[in-house]
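Which chain is which? The protein sequence lines are R and S, in order. First residue of the first sequence? That's 33 in my numbering, and the numbers climb one at a time after it. First residue of the second sequence? That's 52 in my numbering, and the numbers climb one at a time after it.
These are calculated hints, taken from the structure and not from any lab test. It cannot be assumed that every hint is accurate.
So, partial list: chain S residues that the calculated Cβ filter (under 10 Å) puts toward chain R [as the list claims (entries may be wrong)]:
| # | residue |
| --- | --- |
| 1 | Gln68 |
| 2 | Tyr415 |
| 3 | Cys446 |
| 4 | Ser509 |
| 5 | Phe535 |
C-beta: ideal position from N, C-alpha, C; glycine also.
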Amino acid sequence: MTESQRPQGGLRSDQVSGLILSALALYVGWLNREFPVGTLAEPGPGYVPMLLAIGLGLIGLLIAVLGSRSSALSGMVWPEAIRALVIMTACVLATLALERIGYRITVAALLVFFFGVVERKSWWMTATVAVAFSLASHYVVGVLLKVPLPRGPWGF
Amino acid sequence: MVETLNSLMHGFAVAFQPEVMMYAFFGCIIGTLVGMMPGLGPLAGISLLLPATFGLNPIIAIVLLAGVYYGAMYGGSTTSILMRIPGEAASVMTCVDGYAMTQQGRAGPALAIAAIGSFVAGTLGVLGLMLLAPTLASFALRFGPPEYTALLLVGLFVLAYMSGGSMLKTLAMAVFGLLLGMIGIDVMSGYTRFSFGITELGDGVGIVPVAVGLFGISEILMTAGQSDPPKVQRPTLRQLVPTASDLRQSAAPIMRGSLLGFMIGIIPGSAHVISSFVSYGLERRLSKHPERFGNGAIEGVAGPESANNAAATGAFVPMLALGIPTGPVTAVMLAAIMVHGILPGPMLIEQQPELFWGFVASMYVGNVVLLILNLPMVGVFVSLLRIPYAYLYPCILAFCILGCYSVSNSTMDVWIMLVMGVVGYALRKFGFDLAPVALGLVLGPMLELSLRQALAMSGGDYGIFLDRPIALTMLGFAVLLLLFAVKPLIFKGKDWRSKVGLDEPADS
């Protein structure tokens with residue numbers, strides 16, 4: 033680690049990640065209250081999750097405590113965050129549409145969005161690749177491998 | 052020995068029948084393609100093909116399905132090396148150094164070594180299956196729940212100790228994976244845990260959506276904002292040939308991976324997944340320059356790839372000799388045999404010599420077919436990189452969605468993949484290693500079940516782990532590993548990671 037990555041003061045990345053893991057462990061422990069823990073000799077369904085939650089919580093705390101020499105949180109850069117958000121939003125919409133409008137239309141629309149809108153490729157190339165990929169992948173997986181892929185209300 | 056050779060010759064007579072060879076060839080091609088497709092994997096491929104084998108004779112059916120299985124082991128490495136997307140779970144470790152080699156412009160040698168390693172391991176594995184099956188299978192038969200518990204704990208400690216980054220972070224990710232494995236119905240009590248009322252989560256979280264999300268989607272998200280997208284390599288055929296140095300560096304890892312993979316493969320569980328993790332850890336541990344691992348060490352490709360192929364072959368030992376499936380893949384293959392009225396078990400070799408020896412011989416043939424298919428076709432696979440990234444990543448995303456949906460024809464797996472993609476992205480930003488999450492997910496349910504079964508066997512007495520020699524030996528090894536792992540926390544700067552500059556003592 034270089035000195036430039038260790039500015040004075042401020043939260044460190046390991047401190048934050050360690051605390052997040054400990055918070056996750058607390059949440060799991062809280063969810064686990066619904067399941068009988070049993071005894072040491074006769075563990076119940078909540079026994080192993082409880083042990084794991086305790087383990088994760090302790091490890092998270094150790095990471096946080098020992099994380100004072102990790103890189104500063106303020107030094108972390110997220111240049112890809114907006115594009116990543118766009119990608120995830122498109123994927124979420126595609127997943128929502130998959131069983132409603134069918135595989136072929138969903139994938140074609142998803143690819144048109146990426147090629148045409150995000151990557152700004154020419155429209156004829158966008159349309160060709162999107163439709164070709166959609167139909168070809170459906171043929172290989174849906175027809176040759178006989179995987180039942182979702183169809184839309186129009187039958188395809 | 053003479054009898055074995057005679058039987059093998061008989062097997063080759065069966066395997067060289069044109070129809071059997073044709074189906075072995077088809078199986079290998081389908082397997083390679085299935086292994087390359089993120090999300091499909093050998094289990095999905097075999098499950099999809101199973102109904103098609105009902106009309107075939109049992110020898111052809113099992114030869115076809117086995118071809119898909121070990122073909123997928125070959126194919127799984129391709130997308131791992133080229134795109135950092137594991138085609139199937141066992142290829143997770145290949146992503147690490149295989150993809151690093153691709154980024155350095157050495158995709159060709161990585162693919163070639165993966166194919167050569169897979170061939171050597173597959174061939175040695177068949178040799179082991181043929182010669183050592185009865186002895187090794189009887190040893191694995193001694194394993195009960197206490198031994199499994201001990202073995203799985205050893206696996207986790209090995210992972211933590213061998214990890215290249217922060218041991219605490221590795222452990223945290225392993226525990227996170229184990230917790231993911233707790234989602235779903237508890238088989239011993241019937242409780243549905245952590246499902247948030249979502250019916251589909253009752254079956255638990257599958258390894259495929261988690262692996263594709265953690266490794267595939269997160270990679271796409273990480274590279275999304277780069278003004279300079281990942282550079283593509285355009286190697287000539289000559290550049291695909293590994294150098295003498297590559298071959299020299301890979302020879303020992305291939306042999307070690309083959310032996311290790313075969314030994315782990317005969318033990319029930321997701322052996323081929325575990326074997327690649329253990330092999331990777333072993334190679335890093337044995338290396339004089341462990342800091343190269345994660346940065347394109349060819350040993351990190353050769354070892355795990357050999358191990359997962361040898362493990363795939365090793366998995367056939369208890370399946371054929373004892374009729375015990377070692378995992379879901381072999382369970383489906385046993386079902387394919389039983390459909391034809393053949394009872395798997397110790398009498399199978401005696402009663403169905405044509406099936407057993409024909410199968411063994413077909414695997415020799417299949418490995419040669421796969422080597423021929425994969426080495427010249429390495430160039431075809433590498434040409435995938437010639438596609439501009441702007442076209443490639445949306446297609447990969449669509450393939451990820453398709454692959455995950457195909458596993459159980461449910462959008463739930465796609466949702467899991469997307470969530471794990473975001474989680475993987477965040478974890479990578481914070482410097483966490485993702486591979487232990489995948490391993491933890493696989494081991495979690497097995498560890499919990501074996502622990503509780505062991506305690507049920509002993510009436511709640513933990514002494515059962517000390518009374519049984521195999522479990523005791525493995526637990527002793529686990530404790531030893533734990534002590535070595537804890538040592539750097541107490542004596543700062545004494546860990547092997549800090550000695551080679553892999554990590555800082557403060558958080559190791």
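For each hint, the structure was consulted:
Taken as an interface hint, glutamine 68 (chain S) does not check out: its beta carbon lies about 25 Å from the nearest beta carbon of chain R, beyond 10 Å. Hint on tyrosine 415 (chain S) is violated. Least Cβ distance to chain R is approximately 27 Å, over the 10 Å limit. With a least beta-carbon distance of about 6 Å to chain R, the hint placing cysteine 446 (chain S) at the interface is held under the 10 Å criterion. Taken as an interface hint, serine 509 (chain S) checks out: its beta carbon lies about 9 Å from the nearest beta carbon of chain R, inside 10 Å.
Interface restraint check for phenylalanine 535 (chain S): the shortest CB-CB distance to chain R comes to about 17 Å, outside 10 Å, so the restraint is violated.
Violated hints, listed in ascending order, are 1, 2 and 5; each of the other numbered hints is respected by the structure.
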